[in-house]
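Starting from the known structure of chain A, arrange chain B on it as the hints suggest.
The residues making up each chain are set out below.
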Amino acid sequence: MVSKFTTRYSYGGDEFLFVELSEEMSLDVNFRAMAITKKLKEKNNPHIMDICPSNASYMVRYNPDELHADELIDELKQLEDSVKNLDDIVINSRLVDVPVLFEDPWTHEAVMRFRDRHQDPESTDLEYAARINGYDSKEDFIKAVTDSPFLVSMIGFVPGLPFCFQIVPKEEQLEVPKYVRPRTYTPERCFGFGGGFSVIYPVQGAGGYQMFGIAATPVFDKEQQLPDFQDSMVFPRQGDIFRYRSVSRDEYDAVREEVEAGTFEYLKQDFTFQPGDVLEDSHAFSQKVLRRLYND
Amino acid sequence: MIKVLKPGLQTTVQDNGRAGYYETGMPPSGALDQYSYAVANMLAGNKKGAAVLEITYMGPELSFEQDTVIAVTGAAIPPKINGESVSSWETLEVKKGDILSFDFVKQGARSYLAVAGGIDVPSVMNSRSTYTLCGIGGYEGRALEGDDWLSVGDLKERNIKTGTRVKEQYIPDFPKNHEIRVITGLCNYRLTDESKQRFLNLEWTVTPEANRVGYRLKGERLEFVPREQPFGAGSNPSNVVDLGYPIGSIQIPDGVEPIALLNDAVTGGGYATVATIISTDLNKIAQAKTNEKIKFTSVTMEEAMQARKDMKQKLEEVERTLESN
Numbered sequence: 001m002v003s004k005f006t007t008r009y010s011y012g013g014d015e016f017l018f019v020e021l022s023e024e025m026s027l028d029v030n031f032r033a034m035a036i037t038k039k040l041k042e043k044n045n046p047h048i049m050d051i052c053p054s055n056a057s058y059m060v061r062y063n064p065d066e067l068h069a070d071e072l073i074d075e076l077k078q079l080e081d082s083v084k085n086l087d088d089i090v091i092n093s094r095l096v097d098v099p100v101l102f103e104d105p106w107t108h109e110a111v112m113r114f115r116d117r118h119q120d121p122e123s124t125d126l127e128y129a130a131r132i133n134g135y136d137s138k139e140d141f142i143k144a145v146t147d148s149p150f151l152v153s154m155i156g157f158v159p160g161l162p163f164c165f166q167i168v169p170k171e172e173q174l175e176v177p178k179y180v181r182p183r184t185y186t187p188e189r190c191f192g193f194g195g196g197f198s199v200i201y202p203v204q205g206a207g208g209y210q211m212f213g214i215a216a217t218p219v220f221d222k223e224q225q226l227p228d229f230q231d232s233m234v235f236p237r238q239g240d241i242f243r244y245r246s247v248s249r250d251e252y253d254a255v256r257e258e259v260e261a262g263t264f265e266y267l268k269q270d271f272t273f274q275p276g277d278v279l280e281d282s283h284a285f286s287q288k289v290l291r292r293l294y295n296d
Numbered sequence: 001m002i003k004v005l006k007p008g009l010q011t012t013v014q015d016n017g018r019a020g021y022y023e024t025g026m027p028p029s030g031a032l033d034q035y036s037y038a039v040a041n042m043l044a045g046n047k048k049g050a051a052v053l054e055i056t057y058m059g060p061e062l063s064f065e066q067d068t069v070i071a072v073t074g075a076a077i078p079p080k081i082n083g084e085s086v087s088s089w090e091t092l093e094v095k096k097g098d099i100l101s102f103d104f105v106k107q108g109a110r111s112y113l114a115v116a117g118g119i120d121v122p123s124v125m126n127s128r129s130t131y132t133l134c135g136i137g138g139y140e141g142r143a144l145e146g147d148d149w150l151s152v153g154d155l156k157e158r159n160i161k162t163g164t165r166v167k168e169q170y171i172p173d174f175p176k177n178h179e180i181r182v183i184t185g186l187c188n189y190r191l192t193d194e195s196k197q198r199f200l201n202l203e204w205t206v207t208p209e210a211n212r213v214g215y216r217l218k219g220e221r222l223e224f225v226p227r228e229q230p231f232g233a234g235s236n237p238s239n240v241v242d243l244g245y246p247i248g249s250i251q252i253p254d255g256v257e258p259i260a261l262l263n264d265a266v267t268g269g270g271y272a273t274v275a276t277i278i279s280t281d282l283n284k285i286a287q288a289k290t291n292e293k294i295k296f297t298s299v300t301m302e303e304a305m306q307a308r309k310d311m312k313q314k315l316e317e318v319e320r321t322l323e324s325n
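Residue numbers (UniProt numbering), protein chains in the order written: chain A, 1 to 296; chain B, 1 to 325.
Simulated from the structure, these hints should not be mistaken for laboratory data. These numbers were taken from a predicted model, which means no experiment stands behind them. Careful: at least some of the hints might be erroneous.
What the hints assert, rightly or not - Calculated pairs, DSS-like style, for lysine-lysine (alpha carbon to alpha carbon, straight line, at most 30 Å):
| hint | chain 1 | residue 1 | chain 2 | residue 2 |
| --- | --- | --- | --- | --- |
| 1 | B | Lys-309 | A | Lys-77 |
| 2 | A | Lys-43 | B | Lys-161 |
| 3 | B | Lys-309 | A | Lys-222 |
| 4 | A | Lys-38 | A | Lys-222 |
| 5 | A | Lys-143 | A | Lys-38 |
The shape of chain A in the complex, shown without the other chains (with noise of 0.2 Å):
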């Protein structure tokens, strides 16, 4: 694939460096970042105290009174050119089922109280993004959120929020406005969508995103207590595969008591792919995840 970029990098003041690699959205770009900031890391420079991928773009921190900001870009852009072929790029990834109940009490709750703050007061989040994206129905709407898994394209914001961008051809990728003005109040584990990305809420605050349900799983247990959380008090990594799955209120009360017991493990497969098994083919990439996570 030939992908015409032109990288802007930015001091970020004296401590940070930001590099955009694209304005624009796509796996491609993301893939890029991915590889960029893993081969940064594999050097273990000493005076690099923080390597932060993001979407379409990645940040630095680094110790300026020991490496000069320039000489930083300039290392960058060698690495650049040296991952310009996706092709001997390796993910390490995990397959991981998420259970979502979409239309939930709580995230109602919260939807209703802050239709001041919506585009569409007379609307719920899930029906104004169901139509703005041309879908007849909130169920065929949520149809396409859950037939098609998620890329774990950035870690942020608060401690563990994963943002998802869909592993679907462009044309299919759903799209939707954040709030006019953010909301103070979001559930803890709220499923939302902005832009072009779906969040899972690690902890109840502030936030912007349109509201459809809320996970059943926490991505963020500060206490370690769940199995998935001994190594990190984050559960997400970028590159990271997610399918979000709707189910039943009776299936959501059954995971909750599990991970209240402490007991809960998310199901999901490890697995390695390479960009380009995605940017070939997403649908057969995507259908390929399901029957591994799934069945094998």
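Just chain B now, kept in the frame of chain A:
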């Protein structure tokens, strides 16, 4: 041990912060005014990186259950021991049973109380700093409350004589009008040329929404260059495809009320960022109070590096003068 009689408005345990977890969405936290924080530890004879109490606007009331040495730096929130005024920026002696309290804030917003040995709370991800949004670090992940008991650690490095005081030239003043230096860039190409200028020429007012996450500022609406929004960004002209936010970066949601992010920042999101406060001036904005004025000045990387050098040198001089005491 130290007993908290009254917690003050918001008193948290902080140190030099939590590096290396930004990519998981974990901000560094740590003392907002790192200069005052470092000097407080020096005056108490502590090792670098020891945890202190960060006091906001209104001080706590603390009862010391042991003899020790303390120091208060940062904003002028005048300390009192057993009701008697004592000096800030000076090594103070407290005896078992003494009560430390504070007068009303005179200048600045945040003071730092160092106790010889440091405040001892469990280290979480290599830092004792409190990140209240997620309840991580510090004293049970939260600001202090009445009847909390603070343990004192063993990070004392040397004895500093009671009455040792930092020379006047090393004590920052805390004006009501703040000149904050930034490096412009990030996504400022999104602003019209006129708005880029206005951002730097305007006098911004600190709103009541000013905390450790960030400061929201009031001024006038700024305009973005019209465009067809790139895929994934969202429809508002202030939206970009969600990206990382540097500490100190300034975003302008919908063109109104810029938000300058501080140490408990949200680590990323979908608003165009237009400039970043240089590291030395994060100390200064942390001392700005609600309704005070802020003017942003654009500097080059070389100027930012010079400011950094000056501050480092200042801290080394303070350390040397204290050692020779």
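Comparing the hints with the structure gives:
no.	hint	verdict
1	Lys-309/B to Lys-77/A	holds, 28 Å
2	Lys-43/A to Lys-161/B	violated, 46 Å
3	Lys-309/B to Lys-222/A	violated, 38 Å
4	Lys-38/A to Lys-222/A	holds, 26 Å
5	Lys-143/A to Lys-38/A	violated, 34 Å
Of the numbered hints stated above, those contradicted by the structure are hints 2, 3, 5, listed in ascending order.
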